[in-house]
Amino acid sequence: MAMEKQNQEPRIGFYVCHCGTNIAGMVDCAEVAHHVGTLPNVVMSKDYKYMCSDPGQELIQKDIAAHGLNRVVVASCSPLLHEHTFRGAVEKGGLNPFFFHMVNIREHDSWVHTDRQEATEKAKALAQAAIGRVAHHKALETKRVDINPTTLVVGAGIAGIHTAMTIANAGKQVVLVEREPTIGGHMAKFDKTFPTLDCAACILTPKMSAAGAHENIRLLSYSEVTKVDGFVGNYKVTIKRKPRYIDEEACIGCQDCIPACVFKTPKFADEFNEGLGKRRPVYIPFPQATPQIVAIDPNVCLNFKKGENGDRVVSDKCKKTCVEACGDKDAIDFTQTERFEEIEVGAIVVATGFQTYDATRSPSYGYGRYDNVYTALEIERLVNASGPTGGHVVMRDGKSEPKSVGIIHCVGSRDKKTNAWCSRVCCMYSMKLAHLLKEHTNAEIYNFYIDVRTPGKGYEEFYGKLLEEGVHFIRGRVGEVTDWAMTPEEEGKLVIRVEDTLAGMVRRIPVDMVVLATGLEPQKDAQDVRRLFNMSCGSEGFFLERHPKLAPVNTFSDGIYIAGACQGPKDIPDTVAQAGAAAAEVLALIDKGYVEQEPNTAFILEDECSGCKSCIPLCPYTAILFDEKTDKAWINEALCKGCGTCVGSCPSGSIVQNLFEDQEIFSEIEGVLAYD
Amino acid sequence: MTREWKPRLVAFFCNWCTYTAADLAGVSRLKYAPNVRVIRLMCSGRIDPQFILEALAKGADGVLIGGCHPNDCHYVEGNYKMLRRFQLLKRMLQDMGIEEQRVRLEWISAAEGDKVRKVVNEMTEALQALGPLGLPGRFEEWDREVEHLAATVQEKEAAGCACGAPAEPRDTEVAHV
Chain V
1 MAMEKQNQEP RIGFYVCHCG TNIAGMVDCA EVAHHVGTLP NVVMSKDYKY
51 MCSDPGQELI QKDIAAHGLN RVVVASCSPL LHEHTFRGAV EKGGLNPFFF
101 HMVNIREHDS WVHTDRQEAT EKAKALAQAA IGRVAHHKAL ETKRVDINPT
151 TLVVGAGIAG IHTAMTIANA GKQVVLVERE PTIGGHMAKF DKTFPTLDCA
201 ACILTPKMSA AGAHENIRLL SYSEVTKVDG FVGNYKVTIK RKPRYIDEEA
251 CIGCQDCIPA CVFKTPKFAD EFNEGLGKRR PVYIPFPQAT PQIVAIDPNV
301 CLNFKKGENG DRVVSDKCKK TCVEACGDKD AIDFTQTERF EEIEVGAIVV
351 ATGFQTYDAT RSPSYGYGRY DNVYTALEIE RLVNASGPTG GHVVMRDGKS
401 EPKSVGIIHC VGSRDKKTNA WCSRVCCMYS MKLAHLLKEH TNAEIYNFYI
451 DVRTPGKGYE EFYGKLLEEG VHFIRGRVGE VTDWAMTPEE EGKLVIRVED
501 TLAGMVRRIP VDMVVLATGL EPQKDAQDVR RLFNMSCGSE GFFLERHPKL
551 APVNTFSDGI YIAGACQGPK DIPDTVAQAG AAAAEVLALI DKGYVEQEPN
601 TAFILEDECS GCKSCIPLCP YTAILFDEKT DKAWINEALC KGCGTCVGSC
651 PSGSIVQNLF EDQEIFSEIE GVLAYD
Chain A
1 MTREWKPRLV AFFCNWCTYT AADLAGVSRL KYAPNVRVIR LMCSGRIDPQ
51 FILEALAKGA DGVLIGGCHP NDCHYVEGNY KMLRRFQLLK RMLQDMGIEE
101 QRVRLEWISA AEGDKVRKVV NEMTEALQAL GPLGLPGRFE EWDREVEHLA
151 ATVQEKEAAG CACGAPAEPR DTEVAHV
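The listed protein sequences correspond, in order, to chains V and A.
Going left to right, the first sequence walks through residues 1 to 676 as the working numbering numbers them.
Going left to right, the second sequence walks through residues 1 to 177 as the working numbering numbers them.
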């Protein structure tokens with residue numbers, strides 16, 4: 001039916017949307033409608049308050065029937081937002097959905113200009129371009145591509161685990177990739193969670209082991225994604241399996257090898273405990289680590305030496321008491337090397353999390369210079385019962401308890417010199433740590449804040465509880481932490497210098513321990529990860545969602561979703577909610593079973609092709625092939641992604657891109673310039 | 001044209017980075033010069049140099065091309081292909097006597113809404129300073145000149161002037177664009 005209309009005279013219907021006052025406030029919509037009404041081929045031209053509303057869409061459908069429209073143009077918001085909506089409306093009206101074009105007069109016009117007349121002129125010009133263009137539109141069919149029902153989840157912190165579990169519980173296969181030896185992420189390091197003060201391990205570790213044991217989840221720990229090819233529904237992903245020098249199948253997690261190590265006492269900084277504890281070269285990050293498989297650190301293990309290229313190679317110098325202890329399980333394998341594995345998946349969820357701000361970047365707070373200045377994450381480990389001190393809060397000398405503690409908020413947050421954004425969780429975790437430190441040591445606790453931000457369920461009440469507990473709150477950004485004493489009471493203490501902006505005076509507060517509430521920032525390799533998955537980053541470096549409100553877990557690449565703090569700082573409840581949303585998006589995709597691809601592929605007009613082959617090396621997808629018999633090039637439509645690079649370069653103009661045909665673009669150029 | 005002349009800027013933006021950045025500028029309510037008219041393409045690699053020439057020929061005073069940053073192209077390397085064509089086109093435009101500032105290529109990522117604002121404003125200012133390119137007008141002038149020349153030759157031939165002109169009058173077909 002749609003095909004029949006292809007050769008008819010264009011009968012165009014034009015609609016300009018007020019978008020409430022979003023457009024109408026800056027563009028004279030009635031005037032735009034009037035102008036477009038005078039253009040050739042335009043049968044009707046209307047302005048309407050909300051085109052995307054049901055009545056707005058019905059208006060299009062009714063007009064198609066009543067006025068025999070065969071082309072529709074809507075001037076409203078960005079096509080990235082509502083092109084799909086209006087194509088649907090046009091299709092419901094009985095037309096091929098590609099007999100439609102959209103004009104962006106909101107994001108590109110009314111929202112960015114301040115002169116009503118100029119904005120109206122611009123709207124007219126853009127509308128005129130679309131009217132010229134749409135006349136050349138052709139009926140197109142969307143192409144259906146099957147979806148591979150397996151999903152890849154990258155990063156196994158709470159976001160990745162929750163996403164993977166939700167998808168796996170729906171009966172779909174998941175590959176969960178984590179670059180550390182254990183899953184759990186940052187949450188596994190926390191002691192308690194705000195505001196309920198339930199223990200992080202108690203709520204996380206059951207989820208971790210459930211994920212590790214789930215029949216539908218294939219867990220690849222100590223692995224990294226190195227390459228991603230393909231497109232929605234059919235991604236080919238290469239995963240690097242880093243050598244942990246343990247046969248994962250053979251290791252039963254008995255951990256007999258750890259005490260058997262030739263290092264009788266743990267000697268090396270323990271990453272999981274933020275360097276506050278020590279571990280051996282053979283180790284398991286923490287008791288509830290998932291998978292329950294040890295790892296050997298080749299950088300410190302005596303059985304390795306520095307190779308010619310600076311890498312670690314087996315030296316065979318060690319007595320290998322660990323191998324003896326492992327016995328006939330024979331799980332230790334020093335010959336392991338990096339392995340690369342290729343998997344095929346239909347959708348990908350990126351949940352790579354965050355890193356905390358490096359406190360040495362704010363030297364005035366003395367981190368790294370004064371022993372008793374800690375980061376918040378270090379305190380999490382220090383108050384934790386399974387931490388390096390067994391939950392006993394002592395300072396770096398290993399014995400004395402702090403009698404007073406100063407917690408400095410917004411370290412590396414809300415500061416144009418470091419990170420401009422609010423990290424959202426620091427106020428709450430600072431108060432949580434204040435409560436825990438007071439509980440453990442009964443010390444005087446001082447919070448130094450700019451604003452206390454408690455936007456969450458039960459958060460403000462938690463703040464009230466802290467005030468009742470007698471924790472001090474001093475409003476002011478701390479100037480410096482110093483050990484320079486001005487009075488005898490300040491001797492041997494760390495002095496926090498701050499302007500108390502409520503009292504209107506500069507104060508010096510001597511404390512034993514300083515805690516820096518470091519902010520959240522993008523992982524240092526976020527840019528590499530972004531490129532790997534063809535995503536975008538916001539200006540601060542967090543991954544960019546497709547739409548901040550309406551598509552918060554989607555990215556600009558179909559089939560690739562984001563969840564958790566890699567998208568922006570967020571607390572655990574928000575992270576889990578977002579992880580669930582990402583899982584729902586994936587399940588919706590898989591259950592539908594296919595995707596409809598935009599039919600913007602290119603094809604070659606065989607009669608015109610001179611067989612020069614100049615297009616062939618330009619195609620990044622090797623979609624252009626050469627037929628030796630006919631001496632002509634041809635495009636494999638299944639491989640074409642619709643960039644149009646070959647079209648723009650063909651010397652004989654014999655390649656055509658659907659939806660972006662030369663004639664359509666020339667009409668658009670003429671249109672934007674015709675109006676004066 | 002009764003109104004005061006204002007620069008006319010045609011922009012070709014790729015769907016994934018620069019068009020999205022322009023959307024972001026809108027969502028962020030950044031304000032910039034209203035002289036720009038954006039045409040959306042899937043990739044800057046789609047931009048045929050003819051589009052740029054056509055825009056100038058049809059009355060644009062400048063053309064702005066926006067694509068993803070190198071290494072960030074949604075289609076792997078379309079932006080590099082555009083860059084190659086752009087280098088050649090620049091030389092051609094130079095030979096045609098079109099000022100360099102009139103055609104500009106910028107890499108603008110989806111996060112750089114502010115760069116859209118900045119680049120559009122800069123270009124509008126530059127074009128304002130350069131003045132109108134006015135190619136459609138110039139074409140008309142050239143057509144008139146050629147017609148005038150043809151008429152003069154015909155007149156002289158009719159008057160029997162033996163100045164070596166061909167005996168048969170040629171068709172004076174004038175082609176442009």
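Everything labelled a hint here was simulated from the structure, so no lab data went into it.
From the three backbone atoms N, C-alpha and C, an ideal C-beta is built for every residue, glycine too.
Any given hint might turn out to be false.
Unchecked claim - Okay, the calculated bits of chain A under chain V, using three or more residues with CB under 8 Å as the criterion:
hint : region
1    : 35-47
2    : 55-61
3    : 141-154
Said to hold, decoys possible - 25 Å max Cα-Cα, derived DMTMM-like pairs, lysine to aspartate or glutamate:
hint : chain 1 : residue 1 : chain 2 : residue 2
4    : A       : LYS31     : V       : ASP28
5    : A       : LYS58     : V       : GLU670
6    : V       : LYS613    : V       : ASP627
Outcome of the hint check:
1. As drawn, the region 35-47 of chain A meets chain V at 10 residues by the rule of a beta-carbon pair under 8 Å; at three or more, the given contact holds.
2. Counting residues of the region 55-61 of chain A whose beta carbon lies closer than 8 Å to any beta carbon of chain V gives 4, which reaches the threshold of three, so the coverage claim holds.
3. Under a criterion of three residues with beta carbons nearer than 8 Å to beta carbons of chain V, the stated coverage of the region 141-154 of chain A fails, only 0 such residues being counted.
4. Pair hint A:LYS31 plus V:ASP28 holds up; C-alpha atoms about 18 Å apart against a cutoff of 25 Å.
5. For the hint pairing A:LYS58 with V:GLU670, the CA-to-CA distance comes to about 6 Å; that is within 25 Å, so the pair holds.
6. Straight-line distance between C-alpha atoms of V:LYS613 and V:ASP627 comes to about 10 Å, which keeps the hinted pair within the 25 Å bound.
The earlier numbered hint that this structure contradicts is number 3, and it is the only one.
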